[in-house]
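Q: Below, each chain spelled out in residue letters.
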Amino acid sequence: MAGELESCKPLSGLLSGLAQDAFYGHPGITEELLRSQLYPDVPIEEFRPFQAKMRGILKSIASADMDFNQLEAFLTAQTKKQGGITSDQAAVISKFWKSHKTKIRESLMNQSRWDSGLRGLSWRVDGKSQSRHSAEIHTPVAIMELEIGKSGQESEFLCLEFDEIKVNQVLKKLSEIFRDHS
Amino acid sequence: QLIDFQWKLGMAVSSDSCRSLKYPYVAVMLKVADHSGQVKNKSFEMTIPQFQNFYRQFKEIAAIIETV
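Same order as they appear, the protein sequences are chains A and B.
Mapping to full-length UniProt numbering: the first sequence position 178 is 178, numbers consecutive.
Mapping to full-length UniProt numbering: the second sequence position 17 is 17, numbers consecutive.
Some hints here could point you the wrong way.
What the hints assert, rightly or not - In silico lysine to any residue, SDA-like type, Cα no more than 25 Å apart, as pairs:
hint	chain 1	residue 1	chain 2	residue 2
1	B	Lys59	A	Gln169
2	A	Lys59	A	Lys103
3	B	Lys8	A	Leu171
Claimed, not checked - Output of the computed footprint for chain A on chain B, the stretches with three or more beta carbons under 8 Å from beta carbons of chain A:
hint	stretch
4	19-29
5	51-59
These are computed hints drawn from the structure, not numbers from a lab.
A quick note: this is a predicted structure, and the numbers were derived from the prediction, not measured.
Even glycine gets a Cβ: it sits at the ideal position worked out from N, Cα and C.
Let the hints inform the model, and build the full structure from the sequences given.
A: Shown next as structure tokens:
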């Protein structure tokens, strides 16, 4: 039933499914699910090495974050290999990578970030005004709410207060980052 | 209350899931004290575009707090 495996229509779907499993961490995408949905007439013993080959190719491409020249060269080499891929299959893979490259890369970046990421930021500036009965001096205050969270976990909200001096101190520190590295 | 603010500019070169990551990021470490005086460290990461937005917002805050 090699002809079935060579047909390109389900290959795009297979690559999507493999990406969901390998990069986006989508649970429940089993070999059997992919086979029954996309290649129902192919027996599992034939499907297994086929999907493993495609998964390996996809992982190599993503791991090296290939640009289009590298991709061309890589896929051409795969078509020339014994037990490699057909040029039609190479075209499908190429198209898939071109449209999903950015999303997959982002997903891989998130997987490598183990610390919390910044999810949201909001702020306001309050002016504490003078009152007739107290000696409170007019001190404006910036209130900032940072939403941070680790991948897959709930957000933590940090509420910070800054007076003018603090704001300028932080600003100075932030500008130092650009000083050496813009 | 923010007591201290430290930053680190890092470049994630490679990881076990992606050999060629090549993405720069800014890691921030905040030392904060709550109303009871307890001090905690909070850290998080930002991508460069996120950091640029963060910086821009701080400049805005500085501009406004000056005029209030």
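Q: Evaluate each hint against the coordinates.
A: Consistency of the hints with the structure:
In summary, the hint linking Lys59(B) to Gln169(A) is supported, as the alpha carbons are separated by about 11 Å, within the 25 Å threshold. For the hint linking Lys59(A) to Lys103(A), the alpha-carbon distance of about 14 Å falls within 25 Å, and the restraint holds. Of the supplied pair hints, the one linking Lys8(B) and Leu171(A) holds, its CA atoms being roughly 15 Å apart against a limit of 25 Å. Counting residues of the stretch 19-29 of chain B whose CB falls under 8 Å from any CB of chain A gives 8; the rule of at least 3 is met.
Here the stretch 51-59 of chain B counts 7 residues with a CB under 8 Å from a CB of chain A, which clears the bar of 3, and the coverage holds.
Hint compliance for this structure: no hint is broken.
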